[in-house]
Amino acid sequence: MLLALLISGLALGSIYALLGLSLVLVNKATDVVNFAQGEMAMFGAFIALSMMVSMKLPLMLVFVLAFPIGMLMGALIERIMIRPIRNAPHLNLLIVTIGLWFAFNSLAGLIWGYDPYRFPSLLPSEPVDVFGTRVFPASLGVIGIAIVIMAGLYYFFEHTREGTAMRAASMNPRSARLMGIKVTRVAMLSWALSSGLGTVSAMLIAPITFLDQQMMVPVVLKAFAGAILGGFSSLPGAVLGGVILGLSETLLGAYVSNAFKEAFAFLLIIAVLMIKPTGVLGRTARKKV
Amino acid sequence: MKSVRKDRLLAAVAMGVALVAPAFVGPYGHYVLAIILIYGLVALSLNIVTGVGGQISIGHAGFWAIGAYTCAILVTKVGLPFLLCVALGGAVAAVFGLIVALPALRVQGHYLAIATLGLALVVQQVLYEWTSLTGGRGGMFVPRPQILGYEFLDDGPYYYVILAITVFFTWVTVNYRKSLTGLGLGALRMSAIAAQCSGVGRTYHIITAFVLSAFMTGVSGALYGHLIGQLSTDSFTLTVSLSFLTMVVVGGLNSVAGALLGGVFLAYAPELMRELKDAQMIVYGGTLVLFMHFLPGGLASIPERILDLARARR
Amino acid sequence: MKPLLSVKQLSLHFAGLKAVQDVSFDVAAGSIVGLIGPNGAGKTTLLNCLSRILNPTCGTIDYDGHDLLKRPVHRLSEIGVTRTFQNLELFGEGTVLENVVVGCFPRFRSNMLSELLSLPGANRARRAAYEEARQLIDELGLTAHVDTVVSGLPYGIQKSVELARALAGKPKLLLLDEPAAGMNPEESRQLGQTIKEMREERGITVVLVEHDMRLVMGICEKIIVLVQGAKVCEGPPQAVRENSMVIKAYLGEEEAEDA
Numbered sequence: 001m002l003l004a005l006l007i008s009g010l011a012l013g014s015i016y017a018l019l020g021l022s023l024v025l026v027n028k029a030t031d032v033v034n035f036a037q038g039e040m041a042m043f044g045a046f047i048a049l050s051m052m053v054s055m056k057l058p059l060m061l062v063f064v065l066a067f068p069i070g071m072l073m074g075a076l077i078e079r080i081m082i083r084p085i086r087n088a089p090h091l092n093l094l095i096v097t098i099g100l101w102f103a104f105n106s107l108a109g110l111i112w113g114y115d116p117y118r119f120p121s122l123l124p125s126e127p128v129d130v131f132g133t134r135v136f137p138a139s140l141g142v143i144g145i146a147i148v149i150m151a152g153l154y155y156f157f158e159h160t161r162e163g164t165a166m167r168a169a170s171m172n173p174r175s176a177r178l179m180g181i182k183v184t185r186v187a188m189l190s191w192a193l194s195s196g197l198g199t200v201s202a203m204l205i206a207p208i209t210f211l212d213q214q215m216m217v218p219v220v221l222k223a224f225a226g227a228i229l230g231g232f233s234s235l236p237g238a239v240l241g242g243v244i245l246g247l248s249e250t251l252l253g254a255y256v257s258n259a260f261k262e263a264f265a266f267l268l269i270i271a272v273l274m275i276k277p278t279g280v281l282g283r284t285a286r287k288k289v
Numbered sequence: 001m002k003s004v005r006k007d008r009l010l011a012a013v014a015m016g017v018a019l020v021a022p023a024f025v026g027p028y029g030h031y032v033l034a035i036i037l038i039y040g041l042v043a044l045s046l047n048i049v050t051g052v053g054g055q056i057s058i059g060h061a062g063f064w065a066i067g068a069y070t071c072a073i074l075v076t077k078v079g080l081p082f083l084l085c086v087a088l089g090g091a092v093a094a095v096f097g098l099i100v101a102l103p104a105l106r107v108q109g110h111y112l113a114i115a116t117l118g119l120a121l122v123v124q125q126v127l128y129e130w131t132s133l134t135g136g137r138g139g140m141f142v143p144r145p146q147i148l149g150y151e152f153l154d155d156g157p158y159y160y161v162i163l164a165i166t167v168f169f170t171w172v173t174v175n176y177r178k179s180l181t182g183l184g185l186g187a188l189r190m191s192a193i194a195a196q197c198s199g200v201g202r203t204y205h206i207i208t209a210f211v212l213s214a215f216m217t218g219v220s221g222a223l224y225g226h227l228i229g230q231l232s233t234d235s236f237t238l239t240v241s242l243s244f245l246t247m248v249v250v251g252g253l254n255s256v257a258g259a260l261l262g263g264v265f266l267a268y269a270p271e272l273m274r275e276l277k278d279a280q281m282i283v284y285g286g287t288l289v290l291f292m293h294f295l296p297g298g299l300a301s302i303p304e305r306i307l308d309l310a311r312a313r314r
Numbered sequence: 001m002k003p004l005l006s007v008k009q010l011s012l013h014f015a016g017l018k019a020v021q022d023v024s025f026d027v028a029a030g031s032i033v034g035l036i037g038p039n040g041a042g043k044t045t046l047l048n049c050l051s052r053i054l055n056p057t058c059g060t061i062d063y064d065g066h067d068l069l070k071r072p073v074h075r076l077s078e079i080g081v082t083r084t085f086q087n088l089e090l091f092g093e094g095t096v097l098e099n100v101v102v103g104c105f106p107r108f109r110s111n112m113l114s115e116l117l118s119l120p121g122a123n124r125a126r127r128a129a130y131e132e133a134r135q136l137i138d139e140l141g142l143t144a145h146v147d148t149v150v151s152g153l154p155y156g157i158q159k160s161v162e163l164a165r166a167l168a169g170k171p172k173l174l175l176l177d178e179p180a181a182g183m184n185p186e187e188s189r190q191l192g193q194t195i196k197e198m199r200e201e202r203g204i205t206v207v208l209v210e211h212d213m214r215l216v217m218g219i220c221e222k223i224i225v226l227v228q229g230a231k232v233c234e235g236p237p238q239a240v241r242e243n244s245m246v247i248k249a250y251l252g253e254e255e256a257e258d259a
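Top to bottom, those sequences are chains V, D and S.
The numbering of the first sequence is our numbering, which starts it at 1 and goes up by one.
The numbering of the second sequence is our numbering, which starts it at 1 and goes up by one.
The numbering of the third sequence is our numbering, which starts it at 1 and goes up by one.
Accuracy of the hints is not assured; some may be wrong.
[Unchecked claim] Some chain D residues judged to face chain V by a derived CB distance under 7 Å, without partners named: (1) Gly54; (2) Ile56; (3) Arg106; (4) Tyr284; (5) Gly285; (6) Gly286; (7) Leu288; (8) Met292; (9) Pro296.
Bear in mind the hints are in silico, worked out from the structure with no lab data behind them.
Ideal placement from N, C-alpha and C gives every residue a C-beta, glycine not left out.
Extracted from the complex, chain V is given alone in its bound form:
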């Protein structure tokens, strides 16, 4: 029983981790909190589903395309909505992301309606036997995919020029620019990556929660909670925080009560901010003067 809970908690945590990663990634690279992240992800998942249905594409292909679809969306949004005002006061950028949040949410409803859609799962839905407990393949699949993606990101950031450039630009944009790194390109790339991650998370959640336009709203707060728990400025922290949140939410739901999940995430945010504001792995970010 415990093993099954741990695995589904890990699966949930993996999804939170991917979303948390996307939030922290954009924040580190462009210092903007993208409140529209969840809705953009949901939108991407809808696009994927439409492609599957209208173009009769196989699920596997659509799944692989999820990341690039998300990336394209992110890049477009950054280019059209964010870049023109990137030198405006921060407040304005935040407001734009909030506006996008609601625009995407509503747009999805207009295009695809308000009823939930069944989203097919890649893996069979019958539970299998693992070490004597019944486990859903979907959970294992989610964990597996998340690990693959994170390994890919790790490789990208540590061992490719683009990735290293992004790290440099997020640490010190001025020096990075002086070294020839195109900071605007880094911004677009980080939004693209982040949106790709988001869309993949949405596609992983969709089979469980059904795809509908409100699907990501509760998840977003929890992704924030996970990211804050890990220290908002740290990528590995976002992963750790998301996993911890997923595990504790699942365990709490099984052993204590299933209601007030949002409240739990919210209280977690408050608790972390009060006790260790920089999170489990984060470092205090100071503006360079």
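For chain V, the structure is supplied; the task is to place chains D and S on it using the hints.
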């Protein structure tokens, strides 16, 4: 000095219009006028926190709800006088403002915005679930307001009560913006580092601004409940928080006139958008994006923009 | 006589980098002290520790009988420590007057309730603060721009505004971060004059981080040289100029200065 006289003139004209407007409209018009002021009060509170302080709140519908329900419950179940309950509604909202803001300010960053998101969602859920206290989805009945035995059966006379309260808080907001504390908060927005090095404490200033804002929004919620006569969870959703933000962006984030303009916008927007129904959120969202790109100072900044254009032509 | 500022074994480690290493020095009241060193030497980091923007890993900072490390950033101005910034940190949307008045903040602010209700005490304090700010603006020759929004002003004027804001706090210790950056030799000479006047007329002690050697050698009684976070030399200008380690650290840089 010229602009001060201009402001005073504008304020006098606005006051005059506000005083005589009810005479020109029927009962429905009285309701609309009251709603404009109620929204205007929320806009003023956001003027302090977002306009001056630069802090986003996507949770103010939560304070609105707390003020509305606290006041309604105290009036119906405890029997305290109306005005006292309005003040208490504000006070309870203010306490929650403190609870939300205090942890969020421990670190530099956008945590306050995230914490207000949490507040909005939690309040929404509590309103749904705690049916014994709030009536849940079914809603809660609110009686007509009573002051010293006189019952305000019509919206017209009630409008004047709301007007008095709104004028008071407008005066308070203007005082805040003029004061050294208000200047300090604005300085924090423009350069937190320099403001702190000049002696402006970040935590104290943002928290006090946020608590004041929560108080004013709570008062507005309390007044709203008694105007509508019925509290339902639909009035206090995340979308409502968003519409509050949209209202101040449209009116003008950093201007008192803008706050009141925003109130007018929000009072009429649902009317104008009745056709659009489900597309309402796109309109709000799109409005936010468009204004930030093309008119970040809101409608209140239009005169200034025209002047700038004229000056540039010469 | 006890020094106004006493820094002892200050260190700051950042993610494996030793930005400041075991630095100790004293600043006598009424003196002008220069902090120099090649780029990346830790001068601004040290200044940021003094103004409490950064937390040192270890060490102590004693100022005028206060343990500075026990104070948060916003409680420095009230004990007489103010600063300017390398890259200017002005309140862009505000006017010159508004920028300078913020400097007066700790000495004039009133209780929030009395400000909200526009009580006479709060109004009096506010008017006094603005009055003082105007006086300072006049003294620094900025009267022509008093109601102009700072973001539109030329760089040199902006620097004066930032200095005025720092002076508005009636500091005993003024920390200047590259005040001569972007100035031509004539402006730099005038700046030196202004700093000396501040010391003479207002009794302010000045610590300045600078690259402009002519300015530093010209007005500082004592110069501290940092290289890669560590102090390599401390003394009067003549001694520093002739110190072999300093010359080595600046080899190439010194020649560039003379060019």
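Right, here's what the structure says about each hint:
For glycine 54 of chain D, the shortest C-beta to C-beta distance to chain V is roughly 5 Å, which falls under 7 Å, so the interface hint holds. The criterion of a C-beta within 7 Å of any C-beta in chain V is met by isoleucine 56 of chain D, whose closest approach is roughly 5 Å, and the hint holds. Residue-level restraint check for arginine 106 of chain D holds (minimum Cβ-Cβ distance to chain V is 4 Å; threshold 7 Å). About 6 Å separates the beta-carbon of tyrosine 284 of chain D from the nearest beta-carbon of chain V, less than 7 Å, and the hint is met.
Restraint check, glycine 285 of chain D versus chain V: the minimum CB separation of about 3 Å is within 7 Å; hint holds. Against a cut-off of 7 Å between C-beta atoms, the interface hint on glycine 286 of chain D holds, since the closest Cβ of chain V lies about 5 Å away. A hinted interface residue such as leucine 288 of chain D counts as satisfied when its beta carbon comes closer than 7 Å to some beta carbon of chain V; here the least separation is about 3 Å, so the hint holds. The interface hint given for methionine 292 of chain D holds, since its Cβ lies 5 Å from the closest Cβ of chain V, which is under the 7 Å cut-off.
Against a cut-off of 7 Å between C-beta atoms, the interface hint on proline 296 of chain D holds, since the closest Cβ of chain V lies about 6 Å away.
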